[in-house]
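In this note's numbering, each number is its position in the sequence shown, counted from 1, plus 183.
Since the hints were made in silico from the structure, they are not lab data. Fair warning: this is a prediction, and the values are worked out from it, not measured in the lab. Heads up, the beta-carbon is just placed ideally off N, CA and C, and yes, glycines get one too. It is possible that part of the hints are untrue.
Stated by the list, open to error - Pairwise CB distance ranges (calculated):
id	residue 1	residue 2	range
1	GLY393	THR285	37 to 43 angstroms
2	LYS242	ILE311	44 to 50 angstroms
3	ASN383	SER218	43 to 49 angstroms
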Amino acid sequence: MSLPRLGFIGLGIMGRPMTKNLLKAGYEVTVWNRSEPGIADVEKAGAKRASSPADVASKADVVLSCVTDSPDVEQVYLGKNGVIENIREGMICIDHSTISPTVAQSVASKLAEKGAQMLDAPVSGGEIGAIEARLSIMVGGDEATFESVKPILEAMGKRITYIGSSGAGQTTKLCNQIAGALNNLAAAEAMILAAKSGVNLERMLEAISGGAAGSWVLDNLAPKVLKRNFDPGFMVKLQQKDMRLVIDAAKNVKASLPGSVLVNQLFQAVESRGLGDEGVQALVKSLEWLNDTEVKASE
Numbered sequence: 184m185s186l187p188r189l190g191f192i193g194l195g196i197m198g199r200p201m202t203k204n205l206l207k208a209g210y211e212v213t214v215w216n217r218s219e220p221g222i223a224d225v226e227k228a229g230a231k232r233a234s235s236p237a238d239v240a241s242k243a244d245v246v247l248s249c250v251t252d253s254p255d256v257e258q259v260y261l262g263k264n265g266v267i268e269n270i271r272e273g274m275i276c277i278d279h280s281t282i283s284p285t286v287a288q289s290v291a292s293k294l295a296e297k298g299a300q301m302l303d304a305p306v307s308g309g310e311i312g313a314i315e316a317r318l319s320i321m322v323g324g325d326e327a328t329f330e331s332v333k334p335i336l337e338a339m340g341k342r343i344t345y346i347g348s349s350g351a352g353q354t355t356k357l358c359n360q361i362a363g364a365l366n367n368l369a370a371a372e373a374m375i376l377a378a379k380s381g382v383n384l385e386r387m388l389e390a391i392s393g394g395a396a397g398s399w400v401l402d403n404l405a406p407k408v409l410k411r412n413f414d415p416g417f418m419v420k421l422q423q424k425d426m427r428l429v430i431d432a433a434k435n436v437k438a439s440l441p442g443s444v445l446v447n448q449l450f451q452a453v454e455s456r457g458l459g460d461e462g463v464q465a466l467v468k469s470l471e472w473l474n475d476t477e478v479k480a481s482e
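Starting from the given sequences, assemble the full structure and let the hints guide the process.
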C-alpha cells in the first residue's frame with residue numbers, strides 16, 4: 184500500500200525539522216512557506232515546492248501546517264489561494280500551530296462543508312524535540328481520522344495523544360503552555376533567591392533537579408541562564424502570543440488563572456525592552472531587574 188502524499192505549510196523553527204522527518208520516513212512532501220529560506224532548506228532534503236497553499240492542496244492527500252497564529256491559519260486554509268480552494272472530499276488537514284480553540288473549530292467546520300476532515304494537533308517539545316522526532320502531539324477532531332493518520336504523526340513525535348473533539352487539542356496545548364510558563368517562573372525565582380543568598384547556583388540546580396522539584400525547565404533552560412545564553416528554542420514573543428490565547432480561553436469559560444496573568448506581565452517587561460526574540464529563559468531577566476541582581480555561573 185502506497186503512502187499518502189503530504190503537503191506541509193509553514194517552515195519555521197518547528198516546520199523545517201518536522202518536514203525533514205516526514206521525508207526521512209519515506210513520504211513525498213510538497214511544501215509552501217511565506218519566505219524563501221525555509222523552502223530552500225527542505226528542498227535540499229527532498230521536498231517539492233508549491234506556489235501557494237492551494238497548490239499544496241492540489242498535490243497532497245494530507246495537508247499539514249505549522250504557522251504562527253490564528254489569523255495565519257485562517258489565511259492559509261480559508262483565504263485567497265488557500266487550501267480550501269483545492270480541497271477534495273476525503274482529504275485530511277492537520278494543523279500543528281498553537282491557536283485559539285474556537286478558531287480551530289471554525290476552520291474545521293468550514294473544511295467539513297467541503298467534505299474534508301481537520302485535526303488540531305499542536306505540538307510540544309521545542310526545536311530539539313522537532314529535530315529528534317520526539318514531539319508530544321495532542322490531537323482534537325474525529326477519532327477515526329486521527330487513527331488513520333497516526334503513522335504520519337509518529338514520524339514526528341514520540342507521544343501522540345488523542346484528546347477529544349475539535350478544539351480539544353488546542354485547549355490541551357494551552358494547558359501545556361500554562362504549566363511550562365509557571366515552571367519557568369518557579370525556576371527563575373529559585374535561581375534569584377540562590378543568587379541573592381550567595382549560594383553556588385550550579386550545585387543548587389543539581390540538588391533540586393534530582394528531587395520533587397525536578398522539571399524539564401530545570402534540566403534544559405536553567406543551565407542556559409547560568410551561561411547567559413538566551414538564544415531561542417522558543418521565543419518570548421511566541422510565548423506571549425500563547426499566554427494571550429490562554430487568557431482569552433480562560434475568559435471564555437470563566438476560569439481564574441492568576442499565575443498565567445502574572446507570567447504574561449513579567450514577559451511583557453522583557454518584551455518592552457525589545458527582547459521578544461530571545462528564548463523564554465529570558466523570563467528571569469524581569470526578576471533580575473526587580474531584584475537588582477544577575478543570575479550566572481560561578482567564576
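Verification of the supplied hints:
1. GLY393 <-> THR285: 37 to 43 angstroms: With a Cβ separation near 42 angstroms, GLY393 and THR285 satisfy 37 to 43 angstroms, so the hint holds.
2. LYS242 <-> ILE311: 44 to 50 angstroms: 30 angstroms, violated
3. ASN383 <-> SER218: 43 to 49 angstroms: 44 angstroms, holds
Violated hint for the displayed structure: number 2, the only one.
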